[in-house]
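Novice: Note that the protein sequences, when read in sequence, are chains C and V. Heads up, the first sequence is in the working numbering, so the first residue is 1 and it goes up one at a time. Heads up, the second sequence is in the working numbering, so the first residue is 1 and it goes up one at a time.
Please keep in mind that the hints were generated in silico from the structure rather than gathered at the bench. None of the values given here were measured: they were computed from a predicted structure. Mixed in with the good hints there might be a few duds.
Claimed, not checked - Think about it this way: if two alpha-carbon atoms lie no more than 25 Å apart in a straight line, the pair counts; the simulated DSS-like pairs of lysine-lysine are:
no., chain 1, residue 1, chain 2, residue 2
1, C, Lys-545, V, Lys-693
2, V, Lys-647, C, Lys-644
3, C, Lys-399, C, Lys-181
4, C, Lys-561, V, Lys-589
5, C, Lys-91, C, Lys-145
6, V, Lys-589, C, Lys-586
7, C, Lys-152, V, Lys-586
8, V, Lys-560, C, Lys-554
9, V, Lys-543, C, Lys-693
10, C, Lys-450, C, Lys-405
11, V, Lys-395, C, Lys-152
12, V, Lys-179, C, Lys-181
13, C, Lys-653, V, Lys-543
14, V, Lys-691, C, Lys-545
15, C, Lys-544, V, Lys-653
16, C, Lys-544, V, Lys-589
17, C, Lys-560, V, Lys-554
18, V, Lys-586, V, Lys-543
19, C, Lys-543, V, Lys-653
20, C, Lys-179, V, Lys-398
Stated by the list, open to error - Below, a sample of chain C positions facing chain V; criterion: calculated Cβ distance under 7 Å:
no., residue
21, Leu-169
22, Arg-247
23, Ile-284
24, Gly-313
25, Val-316
26, Tyr-621
Glycine included, every Cβ here is placed at the ideal spot set by N, Cα and C.
2 protein chains.
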Amino acid sequence: MNLKLNKLNNLDYFFNPKSIAIIGASAKNLSVGKTLIENLKESYKGKIYLINPKRKSILGLKTYPKIEDVKDKIDLVIIATPAKTVPSIVKECSKKKIKAAIIISAGFKELGKPGIELENQIRKNKGDMRIIGPNCLGIINSLNKLNASFAKDMPLKGKLAFISQSGALGCAVLDWSLKEKIGLSSFVSIGSMIDINFSELISYYGKDPNTKAILIYMENIADPLEFLVEASKVTLKKPIILIKAGRSSAGSKAATSHTGAITGNDEVFTAALKRAGILQVNTISELFSIADLISKQPLSNNPNLAIITNAGGPGVIATDSLEINNAFLAKLSKKTYLELNKFLPKAWSHSNPIDILGDASDELYAKTVKVLVKDKNIGGILIILTPQHMTEATKVAKKLKSFSKLNIPIFTSFMGGDSVTIAIEELIKEGIPNFPFPDDATKAFSMMSKYSKDLKKIYQPSNKNKTLINENKKKKASELLKKAFSKNKLLLDEYESKKLIELYDIPIVQTFIAKTKNEAVKYSKKIGFPIVLKIYSKTITHKKKVGGVKLNLKNEIDVKKAFDEIYSNIKKIKKQKEFLGVTVQKMIKLDGYEVIAGSTLDNQFGPVIIFGSGGSLVEIYNDKALTIPPIDKKLAKKMIESTKIYKAIKGLKNNKQALEKLQDILVKLSYLVLDFPVIKEIDINPILISKDKIIALDARVLLNPSHRLKKRL
Amino acid sequence: MNLKLNKLNNLDYFFNPKSIAIIGASAKNLSVGKTLIENLKESYKGKIYLINPKRKSILGLKTYPKIEDVKDKIDLVIIATPAKTVPSIVKECSKKKIKAAIIISAGFKELGKPGIELENQIRKNKGDMRIIGPNCLGIINSLNKLNASFAKDMPLKGKLAFISQSGALGCAVLDWSLKEKIGLSSFVSIGSMIDINFSELISYYGKDPNTKAILIYMENIADPLEFLVEASKVTLKKPIILIKAGRSSAGSKAATSHTGAITGNDEVFTAALKRAGILQVNTISELFSIADLISKQPLSNNPNLAIITNAGGPGVIATDSLEINNAFLAKLSKKTYLELNKFLPKAWSHSNPIDILGDASDELYAKTVKVLVKDKNIGGILIILTPQHMTEATKVAKKLKSFSKLNIPIFTSFMGGDSVTIAIEELIKEGIPNFPFPDDATKAFSMMSKYSKDLKKIYQPSNKNKTLINENKKKKASELLKKAFSKNKLLLDEYESKKLIELYDIPIVQTFIAKTKNEAVKYSKKIGFPIVLKIYSKTITHKKKVGGVKLNLKNEIDVKKAFDEIYSNIKKIKKQKEFLGVTVQKMIKLDGYEVIAGSTLDNQFGPVIIFGSGGSLVEIYNDKALTIPPIDKKLAKKMIESTKIYKAIKGLKNNKQALEKLQDILVKLSYLVLDFPVIKEIDINPILISKDKIIALDARVLLNPSHRLKKRL
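Next comes chain C alone, as it looks inside the complex:
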């Protein structure tokens, strides 16, 4: 823990260094080495040391042949020399006890093996020095005007920290942010993450009082589980908004189970982010429009919006987008209505959206907002202005100034071009975010209120495993799996799969193996009629096809007859050697709803639990929820509620009990999966839910061939 804190402290040398050295400083026009000097000189207030063995000075600054020639203390070094020289430079810097290094140079792991070798050398040589990069643009701190990058723009001061894994995209966004007047607290081009990764940066920003929200452009996540743990701590304090590139290229994977087939990498990623309280957006413009709203105005988890407008159409468009994105028009309280009615013109809309008509003055806008902010039903206020005949947009903007720091978000859509340009500048100055179109504004509000609501439900993912399963049963389960794995039997048979599920207290139809006709009768009587017999065989998997399944056997005679028939069917195809007897189970009437519970292994995040519509059409409807275990009953409930089949279950007479039991099944399943990392995939499908019972009818367990047999198993 101490180590962690210390690491975080060291990050400060990047953002607030007292002295900086540039290795690879150059006098050549347009070179990276020269741009770095120019950018630093522009506004950095600390000491700058240039390292260049060939020159005496550059841009009026003295140069040193080597870093060791600088006798003063250096906090941060920026390295922009050819890749092959970097390992030894890193060694020198480390020797000089420099705390932080930004490696701008490219030519490492992106070039394959020789590059990876160079990276390994850097890791070996770096000592305690922290590194950002290589293959990055550098960092910018807009608060102290430190530009330790070769991006030429210093962003406006603001409260957003932006971490970009693409330098070029970062650069373009910085440039664009100036035009759109979106301020940043700092910018990090994170590069190849040889040392400092997303997890550490978000921890750092989590504690940075100047940062109100963290934006991330991510191409790949180096440390999925660490990232989730850190992110879930940070998001309790401030929002993380993330756009992930490369979502479509995840590709499909071969899967033997339903669960595996319907669970894509990208979906797991999305579920994991949600679990950690991160707001994932789909487009770059969404990233910034939501960031703008969140960084300037308070988070609202009340999805009821009031809309003030001086024109009907834009109000309707705003409402559509609001409701399509699952937020709502606030219902005005009676008091609010009466107060508004006192001073608004007769023809006002008399409801929300509050159309205060085309000739609305700045006074009228202000009076309306003033009434609305007192209404507790309202979770946010959008003010729409269209430049009409009498509209004085700038006056209105100035009047809104006094509402810019309320405890609910106030935001605007002043529509148009030149007519509203100055007004919008006024709004931005006051910290009121403006959206060019009202539908984009309400979409951002909807996403924000949903996000804020979800935040309340965050569960800290942890690898702790408080299994409530009886130790004896657990041991039996372990033996069952060990036996199968040691025989290299990766797909458990129906009997074994069901047994395993049963050991974890998941209600599943009781199944016995009967080697003889008499045993079959004995078990049938024990279970009670009607009965189902299925062939028991280690090799025959398509049981129905070979005549190996007999349903609805109502008495002893039926059972005996069925046993004989199954045997003779198998004999007909000359597989009688593979006939090891039959399984005996209760015939269950399919009169409820079928659901599936299951698990699969994700490459990045490990086990994933899914729940959804079951039966044979699982892949057709693809109606499911997924999350990363462990889960408790509350989270299980949330999963169930987010599926379509939930609506059907809710319609059952005993729905409360059914839901309780279903939650219990998911929690137990999560224990099972976490207890035995050897499990690759589980399908419990169908689980039948009807008004008087909930029971799994079948299960399928697949083991992971690449799992190393651990002591526990």
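For this one, chain C is given, so just place chain V on it according to the hints.
Specialist: Using the frame of chain C, we list chain V on its own:
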């Protein structure tokens, strides 16, 4: 037809008038009447006459007391006087044989009854004169610089016609279009549509050589069926892109059938637009980004895009958005690959997206595009530029000039702010649309290519009804419905519903009514065992609940026993008087997939046909397609293919036959619905599809109480 043409010709008086009179011309600053004069004077080249009884001249133009005082011919009159004066003014104008009038004045039907009365008077008084408005902003023709509106901005010349039902929104968009440099051919604020409506305007623009695409902001559609017919003609020639306001407020309606329950007004509207080949967008920014692309570049129905970029990240983001929106990365032909490989730097991406690296010159961009345009696999080219160290954006933009008029769309995403401003201006000048972010660019391309592909599949909706149903059967169906309707029996019972469906040659399980036990046995034998008996009653609808359903009866004895049991169950609850016998039908094994086919009545568009996943979970999965009849087998196929359950059906052994039969069912259903407008809702659910059969198991028909009994019925 002649009348229609004539009407269209008259529209030209709005857009190209030789003389214009303003009634309500005013000298008062900021008044509408003065703004109208100022706007007209600004650039209109025809004659202007001002009507104002109180002044001699305004702004140096002579005024006339009344319109009849103007002795010259007037093509267009703009009326901006109080509502109550408008009817008589219209009369005077009509008397003077003025061809066209724009009524700016508000205060008509939006104010309720008195306003509607004024509108009726206008209709009565207008004669042959055509009217745009009332309650509108007016019109602008940017090609001849006619601003016959009180919106102050003259848009840039362009190829988009924009029709807005909200004046304020129109105004804001005009202002914004100047800032974003999006050109328009003309703008119409359509107002309350007392005379000229969307249908006529799109017909006009359909024939206007200066308009390449039509944009519509619609709040309500006055003439749904006429609009569809006109739109489907126009969209064969040029795109119509539409945003509909008020989608969320459609509200839910009470419905007794599944079909009714899952068919929202907005969904019908969307289906109707699609049927007419209109591209419906969801946000204002989408409206303009797609319009920009379509108006400047050729439509492409090849969804395979090539992406050139000087940075990896933006290429990946663009690809994600492309694929999420159902278009694709083009696979480069071998020839293309080899040619590119000749001159691109070694480290280029070697595949699409074609990353030509951070220091890419204008020459390199141009050479790459030149190779790509020859590759027939490619349906469009997106050129991404991020302002990097060596990037000369303006030079690149200039080099792209020669590719601005190819037969596939070329568009760009030059990202950033000041670094690319001049470059983007160059691109716009050359007719190359630029998107601030690459993901928005690929989304627009995806929507365009999908739209263009859909256009090929347009079916002309028509009310022609080429029923292929035997006249005798049709007559019987008519009698069945007439009988029910005349008894005010709006919900047909199971037997009647099935009978009706059967008369239209839709395969449905054969059902007989047996009044006695012996009849039940007789029919059972006729049908063949196993058999299902259900109580037949005019009043008892929940048959299962009262013990009125007996399944899987295997022989004569079973049937007799079941008949007695049903009777005694009914007797137990003292409803034996309502027992009219039983229905007898085949027991069908539920071993395939269940689908639903049905119809409902939409307030605007009339009958709607739906197809989707059936069974008891119809409303849960809500997996469906809907369209406006009539439909042929091709369209039926398209409907089926757009559902999820199609994937399951496709997996059947005899899927071709099953699909054929299913298409046939939908076509017949569409005949039935069109033949009998008295039908309000039909559910045929479930229709069971398995590898060897397709048969409907149940049906439910509901009649429309507000239908007037027509002769045909």
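Novice: All the hints need checking, so say for each whether the structure fits it.
Specialist: Hints, one by one, checked against the model:
{"no.": "1", "hint": "C:Lys-545 with V:Lys-693", "verdict": "holds (20 Å)"}
{"no.": "2", "hint": "V:Lys-647 with C:Lys-644", "verdict": "holds (19 Å)"}
{"no.": "3", "hint": "C:Lys-399 with C:Lys-181", "verdict": "holds (21 Å)"}
{"no.": "4", "hint": "C:Lys-561 with V:Lys-589", "verdict": "holds (23 Å)"}
{"no.": "5", "hint": "C:Lys-91 with C:Lys-145", "verdict": "violated (29 Å)"}
{"no.": "6", "hint": "V:Lys-589 with C:Lys-586", "verdict": "holds (21 Å)"}
{"no.": "7", "hint": "C:Lys-152 with V:Lys-586", "verdict": "violated (80 Å)"}
{"no.": "8", "hint": "V:Lys-560 with C:Lys-554", "verdict": "holds (22 Å)"}
{"no.": "9", "hint": "V:Lys-543 with C:Lys-693", "verdict": "holds (24 Å)"}
{"no.": "10", "hint": "C:Lys-450 with C:Lys-405", "verdict": "holds (21 Å)"}
{"no.": "11", "hint": "V:Lys-395 with C:Lys-152", "verdict": "holds (20 Å)"}
{"no.": "12", "hint": "V:Lys-179 with C:Lys-181", "verdict": "holds (16 Å)"}
{"no.": "13", "hint": "C:Lys-653 with V:Lys-543", "verdict": "holds (19 Å)"}
{"no.": "14", "hint": "V:Lys-691 with C:Lys-545", "verdict": "holds (15 Å)"}
{"no.": "15", "hint": "C:Lys-544 with V:Lys-653", "verdict": "holds (17 Å)"}
{"no.": "16", "hint": "C:Lys-544 with V:Lys-589", "verdict": "holds (16 Å)"}
{"no.": "17", "hint": "C:Lys-560 with V:Lys-554", "verdict": "holds (22 Å)"}
{"no.": "18", "hint": "V:Lys-586 with V:Lys-543", "verdict": "holds (17 Å)"}
{"no.": "19", "hint": "C:Lys-543 with V:Lys-653", "verdict": "holds (19 Å)"}
{"no.": "20", "hint": "C:Lys-179 with V:Lys-398", "verdict": "holds (23 Å)"}
{"no.": "21", "hint": "Leu-169", "verdict": "holds (4 Å)"}
{"no.": "22", "hint": "Arg-247", "verdict": "holds (5 Å)"}
{"no.": "23", "hint": "Ile-284", "verdict": "holds (4 Å)"}
{"no.": "24", "hint": "Gly-313", "verdict": "holds (3 Å)"}
{"no.": "25", "hint": "Val-316", "verdict": "holds (4 Å)"}
{"no.": "26", "hint": "Tyr-621", "verdict": "holds (6 Å)"}
Consistency note: the structure conflicts with the earlier hints numbered 5, 7.
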